[in-house]
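For chain B, the structure is supplied; the task is to place chains C and W on it using the hints.
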Amino acid sequence: MRIAMEGEFYDVAIIGGGVIGCAIARELSRYDLRVLLMEKNAEVGFGTTKTNSGIIHPGHDTPTSTLKGRLVVRGNMLFDRLHTELKFGFERIGAIYWIREKEDWPRLEALKRQGDEKGVPGLELWDAERLQKEEPNLSYDLIGALYAPSGGVINPYEFAFALMECAENNGVELRVDCPVTAIDRGDADDGILHVHTPGGVVDTRFVVNAAGVYADRIAAMVGLDDYTINPRKGEEFMLDKRLHGIVRRLIFPLPTGITKGILIIPTYDGTIMVGPTAHDTPDREDVTTSSAGEKEIFDYVTRLCPSVHQSDVITAFAGLRAVSSTGDFIIGPTRVKGFINVAGIQSPGLTSAPAIGEYVCEILADQGLKLNEKSDFVAEIDGPPRFAKQLPREQEKMVAANSAFGRIVCRCELVTEAEIHDAIDHGARTIDGVKFRCRAGMGRCQGGFCTSRIIKILSERLGIPPEAVTKRGGDSWLITPMTDPVVRTVGEQED
Amino acid sequence: MLGRMEGPYDVMVVGGGPAGLAAAIGARDAGARRVLVIDREAEAGGILLQCIHSGFGLHYFKQELTGPEYAERFVTEAIDHEIDIVPNSYVSGIGLDSDGTKRVRILSDHYGLRTMTCRSVVLAMGCRERTRGAIRIPGTRPSGVLTAGLAQKFTNMMGYLPGKKVAILGSGDIGLIMARRLVLEGCEVVGVFELMPYSNGLTRNVVQCLDDFGIPLHLSTTVTEIMGADRLSGIKVAPVGSGFVPDMSKERRIDCDTLLLSIGLIPENEMSQSLGIQLDVTTRGPIVSSTLETSLPGVFACGNVLHVHDLVDFVTGEALRAGRHAGEYALGIRRAQDNIKLVPGDNVRYCLPHSLSTGHEHQIFMRCKEPMKPCEIIIGNIMRKKLSFVVPAEMIMFKIKPDALDRFQGDTLRIDIRPLQK
Amino acid sequence: MSDKKNFTCIGCPIGCPLQLTHEGLDVLEIEGNQCNRGAKYAQQEFRDPRRFVSTTVAIEGARHRRLPVKVTAPVPKDRVVDAAVEIHRIKVTAPVRIGDVLIRDLLGEKGVDVVATRTMERV
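Protein chains in written order, with numbering that gives the first Met the number 0: chain B, 0 to 494; chain C, 0 to 421; chain W, 0 to 122.
The following block holds chain B by itself, in its conformation from the complex (with noise of 0.2 Å):
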């Protein structure tokens, strides 16, 4: 069964809809294309991407010399239209890069001067006096740091589901629960590529790769072994909102060869995250937490800021990253026609994001694909509703205009039932995809309250009996129906 009508192909189909595949997705929609999007998971961003820690970084610790060195920057720069347009929330709340020895000071200054160099801009070095009293919770045994005040912070599945929104109103077409089994050319030379999947055969010009820990499984399809994936696990805890502004900035150590380091995380929404570990694993799928990381992040973090404390926790979890064999971003075209590599896109990959998807274009272009602008590209999306954000009189209209307004449905987050509509609208299918899209289920009480009118909402709006609803998508189903049979009714109303 083909997908697209016999005869009829795509221009690209990109493999992974995590936030760099989205990215792609919606730079390609700026242009008259046949764009697909096949996501193995229920939903986009469900993979790496909402684990990811949500930072934009400055820049200045990855050298030109590498791919990922030259794209952050740029990728940086672009984040203040992305979220005007976009609608997701994002601050340039700065960032820190702290250290303890004296015999330290030469690499921060080399890190700043590498920045300065690249155009990061603003960068500052601080000494203890200037730091304490900007991070006046942070130990008071740190001697400096240097300040790059472009450091900012997102939700990373916020952006990939905006890019998403955005892409499919200019015509992507998107594909969930679409894992691609097999890649081949067929038997013409017509340079089209054949991707398998089970719902159907994909026929295509241009494969874009952006499977993040399965991209080396997928060049694998079609023959291309020259690099590999070695995931690296990161667990990272979130605590409780009552310790916002316990940091003002994205509190870093000095980057070790493999790692970012432990950080101190104040997220978009208030929370304040810690994290990530750095461990290699051999198992795509281990996204488990443990108590050896636990103490790994707190011991390092209790260390760095005493007020911080396990007891603050109120949720953990943990993701990939997909490291390439090459130690850098992969992304090009290789000796497979159409077929394009976006693979390896570790820290800074978030960052880089809006930067690699308008160098995929160029790069398709490159490759002989037409890029005709659409004059009719909508570059802009309305973005949730955020009712908890807006003004009393602002709420006030929302209320007079939609009484679902009116019923709170999460009352740790203070999302509206209209805010759960609205996120089904815009591709929920799951409590999860609910939760990413409107917070509902993030807060204190961690879904304790609101998820039993999650379920019969999202069971109506998708015609699913509510045991069919599930936490992510695959088997994660929650209720079952009782099971003892009912054999008569009582109780009748007597005419």
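Keep in mind that the hints are not guaranteed to be accurate.
Unchecked claim - Listed next, with one range per pair, are the computed distances between beta-carbon atoms:
1) C:63 to W:28: 24 to 34 Å
2) C:247 to B:391: 34 to 44 Å
3) B:284 to C:296: 55 to 65 Å
4) C:411 to B:291: 38 to 48 Å
5) B:257 to C:248: 30 to 40 Å
6) C:109 to B:373: 43 to 53 Å
7) B:83 to C:411: 32 to 42 Å
8) C:218 to B:133: 46 to 56 Å
9) C:57 to B:284: 46 to 56 Å
10) W:4 to B:280: 52 to 62 Å
11) W:16 to C:250: 24 to 34 Å
For the record, the hints were derived by calculation from the structure and aren't laboratory data. We put the CB at the ideal spot given by N, CA and C, even for glycine.
The following block gives chains C and W in isolation, referenced to the frame of chain B:
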């Protein structure tokens, strides 16, 4: 009247569960004319509506009622008292005018976003359950891990089971009750795992919810891992030794598709904190005077938001009094500032209220830290009460009469629980 | 030939471990209780242990899908699960008033009725 919201009000009650309803009735009994109760659910009654088992009302009504029956009595009485109850609404903020008037912002699907004024407020928001994140169980994040209260809502209100093969962490009453409930619905309950060396729930529940059905109670045991990719497939448990450290050499796997967490309740004081109300770190509820008034004048607290209760009968008693004082406050009646601090001593985890006034009767609520039997409660040098036992899971309640307090000379009254000398 | 049976008293939170010695149906001795309630409890649990059952039944036409119900008198302990299954066989239609009798003489136990424990209006 159900659904009417017409200000200005004398007293507004945040939460229409057993605490809020009794507080509203108490306010009316004190003479307040206009009383409003706000509740976020579609109907008042609070958590009682899903507590379909019996055990409520033994003290207050001298009858053994189920939760819904207890709730319905109070909803009926509240409506009879001409109290306005507005469901499907939520208090999103409270502001204070310079003359003490409270401006309460209410979001309601029927009325939209409205600000209602009143003279006094009673906080009765209840509590929430502790979640997995709070105890940081390692492993995957499948569906099938949920609090016992959410499982109770699924089962008793939605009419769906949380799963088929169920393990329960925590031997508090909610977990025990759900163990029995799920057996009666045809589920397999593989065991209850409790960190402490004793059960946290009533003995009656251990017997009638676990022993009766052959469900094993594993004391001094904790869950060390959660497994399963999409849906829970199993857990690992291990015995704990001193310091509650799991002995991983004895870790074993339990197959199950559902893990219920019954690991504690936390009073819902986010709004209280945002109002700047001072909280007690032990109870996690507001610091209150002898009239159950918080550190914000004219704002009172009662029920689980003040401290986690075990008997709804005690909630009712406490809430009637808080409501009465809130009603008096609204009418301009003020009690002189308390002149005696009440502090917890040996084997007392906490005691309420935080201060007392000479010349008045007081109802004291407290909990012990550890079981003790037999024992004596020593209230300063003015009172002693002998008890055959105390356990942390059972709140202790007694009255201090005015004449007893008038005999007290100091400004700090300390309560100790000590073993009874034979 | 005497036998022993163990119970945990539920009369109060002490939870005295009780040991009842009996010969056939004759109770010879009760040990372990610190008060009279314990002795009475052990007797009852030995001769005729009974339990209250509360559960829910399906309801149509109301705000919720389930109506909470209870038995008006305790059922024999070894029939509790059967009682639940039997109660679950019925479905009711709103409106239902608190106290409405939905099943009489459950499982043939005279005087054990099943009643609604709340009012549910028709919506």
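Legend entry - Structure-inconsistent hints, enumerated in ascending order: Going through the list in order, the structure violates hints 2 and 7 and respects the others.
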